[in-house]
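Engineer: All chains, please: the whole structure from these sequences, using the hints.
The working numbering numbers the first residue of the sequence shown as 345 and each following residue consecutively.
By construction, these hints were calculated from the structure, which means they are not laboratory data.
Just to be clear, a hint being listed does not mean it is correct.
Said to hold, decoys possible - Here are the simulated distance ranges between beta carbons: (1) F410 - I378: 38 to 46 Å; (2) P408 - L356: 21 to 29 Å; (3) F410 - G376: 18 to 26 Å.
In this text, a Cβ means the ideal position worked out from N, Cα and C, and glycines have one as well.
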Amino acid sequence: MNLVFRIIKLILNLYTEIIIIRAIFSFLYTYGIINTSHMLVESLGQFLYNFTEPCLKPIRKIIPPFGGMFANIDISPIILLIIISMLQYSLKSITYYW
Numbered sequence: 345m346n347l348v349f350r351i352i353k354l355i356l357n358l359y360t361e362i363i364i365i366r367a368i369f370s371f372l373y374t375y376g377i378i379n380t381s382h383m384l385v386e387s388l389g390q391f392l393y394n395f396t397e398p399c400l401k402p403i404r405k406i407i408p409p410f411g412g413m414f415a416n417i418d419i420s421p422i423i424l425l426i427i428i429s430m431l432q433y434s435l436k437s438i439t440y441y442w
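Structural biologist: Spelled out as C-alpha cells, the structure:
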C-alpha cells in the first residue's frame with residue numbers, strides 16, 4: 345500500500361511541475377518572448393495544453409480569468425496547485441497513520 349501512495353505522490357509532483365512549466369510557457373508565449381513559429385515550441389505548447397487543460401478548464405468555469413484592457417490574469421493554475429498541495433498533504437497524513 346505504501347508503494348501506491350509513493351506512486352500517487354510522484355504523479356502529483358510531476359503534474360505540479362508540468363503546471364508550473366505551462367504557466368511560464370504561457371507567459372512567454374503571450375508576450376512574444378519565445379518563437380512561436382518554431383516546430384519544437386509549438387509541439388511543447390500543444391503537449392502542455394493537452395495535458396493540463398482537462399484539470400484547468402473546470403476551474404475556469406467557476407473562476408474565469410479577470411483583468412483589464414491590457415491583460416487577462418488566469419489564476420486557475422494557482423488554484424489547481426493549491427488543490428494538488430492539499431491532496432499531497434492528505435496523502436501524507438494517510439500514510440502516516442497507515
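Engineer: Cβ-Cβ distance between F410 and G376: within 18 to 26 Å?
Structural biologist: Distance hint for F410, G376 holds at roughly 22 Å.
Engineer: Is 21 to 29 Å right for how far apart the beta carbons of P408 and L356 are?
Structural biologist: With a Cβ separation near 26 Å, P408 and L356 satisfy 21 to 29 Å, so the hint holds.
Engineer: Take a look at whether the Cβ-Cβ distance between F410 and I378 falls inside 38 to 46 Å.
Structural biologist: 25 Å, violated
Violated hint for the displayed structure: number 1, the only one.
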